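Just so you know, the protein sequences line up as chains A and B, in that order.
With numbering that gives the first Met the number 0 applied, the first sequence covers 0 to 305.
With numbering that gives the first Met the number 0 applied, the second sequence covers 0 to 385.
In short, the hints are calculated from the structure, not lab data.
Keep in mind that a hint or two might mislead.
To be verified - Pair ranges (Cβ atoms, derived):
#1 A200/B / V303/A: 39 to 45 Å
#2 L36/A / V46/B: 23 to 29 Å
#3 R301/A / K196/B: 39 to 45 Å
Claimed, not checked - Derived list of chain B stretches under chain A, where covered just means 3 residues or more per stretch with a C-beta under 8 Å from a C-beta of chain A:
#4 151-157
#5 225-236
Unchecked claim - Sample of chain A residues facing chain B (criterion: CB under 8 Å; computed from the structure):
#6 G136
#7 A196
#8 L198
#9 S202
#10 D204
#11 Q205
#12 D207
#13 D211
#14 L227
The model shown is predicted, which means the values in this text are computed figures rather than measured ones.
No residue lacks a Cβ here, since even glycine has one placed at the ideal position from N, Cα and C.
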Amino acid sequence: MAIRAAPTSEQLDLSARVAMLFRTREERERWLSLAQLTPAMAFLLVFLVGPLAVFLIYSFWVTRSYQLISDWNIENYREALTQGVYRDLFRNTIEIAIVAAAITTSLAYTYAHLIRFQLRRFQNVLLFVAIVALFSGYLVRIYAWRTILGDEGIMNRALLSLGLVDKPLSFLLYSRAAALIVLVNFLVPLAILPIYAALQNVSDDQIDAARDLGAGAFQAFRKVTLPLAWNGVFVAFSFTFIIAAGDYVTPQLVGGTSGAMIGRAIADKFGVTFAWPLGAALSFLTLAFVLAILSVIRFASRRVLR
Amino acid sequence: MGAPAGGVGALASTEAAAPGRSSDGSAASVDAAIVVEGVTKRFKQTVAVDDCHLVVERGAFVSLLGPSGCGKTTLLRMIGGFESQDGGRILIHGKPVDRLPPNRRPVNMVFQRYALFPHKSVYENIAFPLELRGVSKKERRKRVQESLELVRLPGVEDRRPTELSGGQAQRIALARALVGRPDVLLLDEPLTSLDLKLRKAMQLELRSIQEELGTTFLYVTHDQEEALTMSDRIVLMNEGRIVQEGEPAEIYNRPESVFASHFIGETNLFEGEVVAVETAGTRVRVGSLDVAAPIGDVSPSVTAAVSVRPQAVAIGPEVVHDHENRFRGRLERRIFLGNLVRWYVEIDPGVIVTAEGPAEDPPLEEGTDLEVSWRRDDSILLPHRP
Numbered sequence: 000m001a002i003r004a005a006p007t008s009e010q011l012d013l014s015a016r017v018a019m020l021f022r023t024r025e026e027r028e029r030w031l032s033l034a035q036l037t038p039a040m041a042f043l044l045v046f047l048v049g050p051l052a053v054f055l056i057y058s059f060w061v062t063r064s065y066q067l068i069s070d071w072n073i074e075n076y077r078e079a080l081t082q083g084v085y086r087d088l089f090r091n092t093i094e095i096a097i098v099a100a101a102i103t104t105s106l107a108y109t110y111a112h113l114i115r116f117q118l119r120r121f122q123n124v125l126l127f128v129a130i131v132a133l134f135s136g137y138l139v140r141i142y143a144w145r146t147i148l149g150d151e152g153i154m155n156r157a158l159l160s161l162g163l164v165d166k167p168l169s170f171l172l173y174s175r176a177a178a179l180i181v182l183v184n185f186l187v188p189l190a191i192l193p194i195y196a197a198l199q200n201v202s203d204d205q206i207d208a209a210r211d212l213g214a215g216a217f218q219a220f221r222k223v224t225l226p227l228a229w230n231g232v233f234v235a236f237s238f239t240f241i242i243a244a245g246d247y248v249t250p251q252l253v254g255g256t257s258g259a260m261i262g263r264a265i266a267d268k269f270g271v272t273f274a275w276p277l278g279a280a281l282s283f284l285t286l287a288f289v290l291a292i293l294s295v296i297r298f299a300s301r302r303v304l305r
Numbered sequence: 000m001g002a003p004a005g006g007v008g009a010l011a012s013t014e015a016a017a018p019g020r021s022s023d024g025s026a027a028s029v030d031a032a033i034v035v036e037g038v039t040k041r042f043k044q045t046v047a048v049d050d051c052h053l054v055v056e057r058g059a060f061v062s063l064l065g066p067s068g069c070g071k072t073t074l075l076r077m078i079g080g081f082e083s084q085d086g087g088r089i090l091i092h093g094k095p096v097d098r099l100p101p102n103r104r105p106v107n108m109v110f111q112r113y114a115l116f117p118h119k120s121v122y123e124n125i126a127f128p129l130e131l132r133g134v135s136k137k138e139r140r141k142r143v144q145e146s147l148e149l150v151r152l153p154g155v156e157d158r159r160p161t162e163l164s165g166g167q168a169q170r171i172a173l174a175r176a177l178v179g180r181p182d183v184l185l186l187d188e189p190l191t192s193l194d195l196k197l198r199k200a201m202q203l204e205l206r207s208i209q210e211e212l213g214t215t216f217l218y219v220t221h222d223q224e225e226a227l228t229m230s231d232r233i234v235l236m237n238e239g240r241i242v243q244e245g246e247p248a249e250i251y252n253r254p255e256s257v258f259a260s261h262f263i264g265e266t267n268l269f270e271g272e273v274v275a276v277e278t279a280g281t282r283v284r285v286g287s288l289d290v291a292a293p294i295g296d297v298s299p300s301v302t303a304a305v306s307v308r309p310q311a312v313a314i315g316p317e318v319v320h321d322h323e324n325r326f327r328g329r330l331e332r333r334i335f336l337g338n339l340v341r342w343y344v345e346i347d348p349g350v351i352v353t354a355e356g357p358a359e360d361p362p363l364e365e366g367t368d369l370e371v372s373w374r375r376d377d378s379i380l381l382p383h384r385p
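Excised from the complex, chain B in its bound form (with noise of 0.2 Å):
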């Protein structure tokens, strides 16, 4: 009892922390746009949302990203209010917000299928928000003005939800939903239901918009292309759990895991036991293979995985002296991507190594003896399963 501590016996003391005064928690969480502390969801027997701590920046473009069912949705639902944690606590803006109902939250959501009020005109769905909220009827004609404008659709305003197409009914939906300037935007997997092209353009269109306002955007997709191109940050999900968070460079680069290696991006994974840790680096031994690997934290005799991404992978008849991964193999295949090439070589049986680069000249037969090779510090060593 007495003060007010951290941890999971604050959440009973949540509705006692007023505006202003912030109860508990270090300098960052305070200024932080979302806090998520220890966040646990179970439906029945499975865990959804397995005792997840997060900590959002305001202005910032995050992503969290993960398989479906990894519980990406249902933190984000958890955030916005529809659905109730069974521990932890969230904070918005330094304030809890554990107790309020999705309309007394300062977030604002758009759904996957827009989600939009079929028996009102557009005019009347983005003032919606602002109607319920008294603002005058002059404003309103105004705010929906600017919100309009901001996602490049303005004039629409007669027109009803039907008749608009699936990239302008998204655009209508994110207009509605910061027309009421949440202090943050919560995007679940808005742009599933469009075609490649227009997702692409609206990925470049929904970042710049969120450049423009500065407004913290927590966004949820299932897409590693997505994830790496719009954000600031990637919170990467699985089984329930955030794996790993960072930038996209950091998360691409850096995977911590065999499934972050595998999730995000193309990548060959090897497993093997480690043979030798020496000051150079590891050797691991995949089947009659030696691979080079980094140092890491490993000791010898233990089971790992070493990932290496396709594209640095060298490929080709000759030898490239100042790579230590060389070997032997044949050209299983070669597949023509148009602005590269991926090529499947079988190093050992059973064991294959993808490479991707730019054309060789003349094309490689599919068949003939070559080498693959790359250097040390393009292996990424994994920790077989954490």
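Isolated chain A (complex conformation) (with noise of 0.2 Å):
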């Protein structure tokens, strides 16, 4: 073993002191990845878990004549899980955004797919598409689908001209179904991204060697293919189905009796009827349901795609 004589203070500049507070190498490089991820940690600490955390605390209190009292007590959940309005926003908000992510992903990764490994020529343009589907505003969106979808709209324009129906279908808008396409052209191109960028990283070869050990098309992809894409996929889903789990406008504005969501009961305790414990507990418990459906999903998924 070399033993190197220690320096003395003199010979050190400030970087080199700095190194000597670590005593391997490994330790420094986990000490100044840390670092690095210091300023990202401070913000979401400051603008995120912090607020989460007061929100938290109320859920557990009450309000009285507009007051917020820390009368600590369970109540806001048990009304948030007993009563029957707010049982059914929960199953009608769980149904949509599962369905809404679940089409979404199907949808985005047969693009990624078909731009990854068909259209390989035009991949910049046909991803370029897709972006550019962003740059429209939300809100200018939903608009756009009332006037195809409503009583004066172009789909029904066209089924009376052609003789199909003789009254406008008024459930073409403010229904269930109209809160699913919104959604689901909102969010398809935010999905498209993790998986395309997860597909760059299956290579050729490993297709091709999955083929060429015996796998048919349809094994090569279920087996190789999807679970390397895997990670890329499960984000999108989270991601869609976060998203329209937490959305409150569309739902309002095309959703209708069937396709109400439990985002706009939220935005209305705390912005109308001041009950801020309530819309608390309302909002944890739908956190909650969000991250132990994902929980399960991930779960399963990791057994299945092996």
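Can you join these two chains into the complex? Each is in its own frame, and there are hints to help.
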């Protein structure tokens, strides 16, 4: 073993002294990467974790004559879970969000898969087309859909002039289907990007190897392509599921009663009735449901996709 | 119509040719591991593989050798089923495979960049083809074990591919390709990404694994030394065509074209005009010099090339009398290669002869006048452009 003579302090500049604080290179690198994370962590701590913690506390409080009182109890949660109106809203929310996320992820996967494997020559153009859809405002698009699906909208006009119906179909707008259409339309571009990025990491050689070793086209997809791209697919699903579950503009503008979701009720609790503790409890329950569902999917997919 | 005919028209009848019933072809091709008949592949305007004919005998180690872009990988991928040919047909162990997807061909492939599955352990990677075939768990375990022993890397079953070195990853890729006992193993420049020392060791090991199994290996490489080291036969390709085929020594000693003499090994190449065809040999005029070469398939006044290997060239101050080719020149450069020395001698303005041999004592000084010589039979006469 070689033993180096310890340098005297005059010989060391500042960086070398800092380096001396950590015994090994690994230790130093670990600290360095932690240091690099600090700004983002600080931001999240102050602007996300902090407010969330405050609302978590509120959810166990009550309001009396428009005053928040720290009277610790779980009444808000009990009310949120037992009252029929909230139960229906939760069920609606979860159903719509899961269906919207599933449709979105499937469509986005198909698109990303096509541009990665079949239409490789046009991939830049097609990727740009997908992103361009994000340039238009969210509200603008909702109103665009209203003009398509409404009583006086393009769809009904067309159906009327073709003589297929004798009065406008009002269920096209203000329905669960309308809410799903609008959500999917909004979410697909967001879902394409992570899936496409993940598919970029699947090499042609790996797929060829799977085929070569005896896998049919579907087996190669199922056992190699999809597992390798799964992280991206899961990110896309989580992303769209969370956004859909928290949305309260779409349900209000196109959802009707069958498309009503919990977000609207929560917004009312905070903005209209000043029932902050109940609103906070509803929010945390939504969060809990969302995380529970994503965990189940994550866990199940780990066992299935091997 | 009627009875299935050979050649190009036979493409349509390939599905009809049932196993055990060889539709046509010579006795050699029925028994061969791979038969490639007039296979052509076009990519838009360019012809990647141009009317290739090839027979690979069972149990042989055959290399497809050529510069990059010569079509060797495309030909290999067509045999593996990853590209479809535009013409001709391919038989493996006597059965036409043209309509079969890669998963139904009795061949496996080792890829240049290993192509291991990063989401599976080493064990799961090697067991993958067995699992697809429904081999029992117990049998799988046994065969994976055997494969790992074959590639001399036992005990790494639980590792992830990312935890392996390049050499280890390539061994695992080899084990995975061999575990299903293919009739033919295709290897697409599998050693390219390894460093020189490891590559040399792996060349010998690949060869001994091949001998141990008796499996037919078809090996694509652009490295002539690698092909010479490992192969029973070398198939030399250039610009989409097979230009020469033979045993390594044959290819090296008797190149049939300027390309072949140039691509395989170092050589001196002189181009000139055939001035005399005599009973003893041919004389070719190169600049102001006359070079003696053996009798060849040339007639007077055509252009031809003469190739001489550097180790056939003698160098020294005094004349070697039984050498038909003797030229005086000036030593331009002397390069010490360790085990050998290489000399560059200018024998005519712009005409440099390279000689190679054991170090001379005392060393010749650059700039000295001396003589280079070689036997007429060491000249290889090549028609200029085939």
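Hint-by-hint comparison with the structure:
no., hint, result
1, A200/B / V303/A: 39 to 45 Å, "holds, 41 Å"
2, L36/A / V46/B: 23 to 29 Å, "violated, 55 Å"
3, R301/A / K196/B: 39 to 45 Å, "holds, 41 Å"
4, 151-157, "violated (count 0)"
5, 225-236, "violated (count 0)"
6, G136, "violated, 40 Å"
7, A196, "violated, 16 Å"
8, L198, "violated, 14 Å"
9, S202, "holds, 7 Å"
10, D204, "holds, 4 Å"
11, Q205, "holds, 5 Å"
12, D207, "holds, 6 Å"
13, D211, "holds, 5 Å"
14, L227, "holds, 6 Å"
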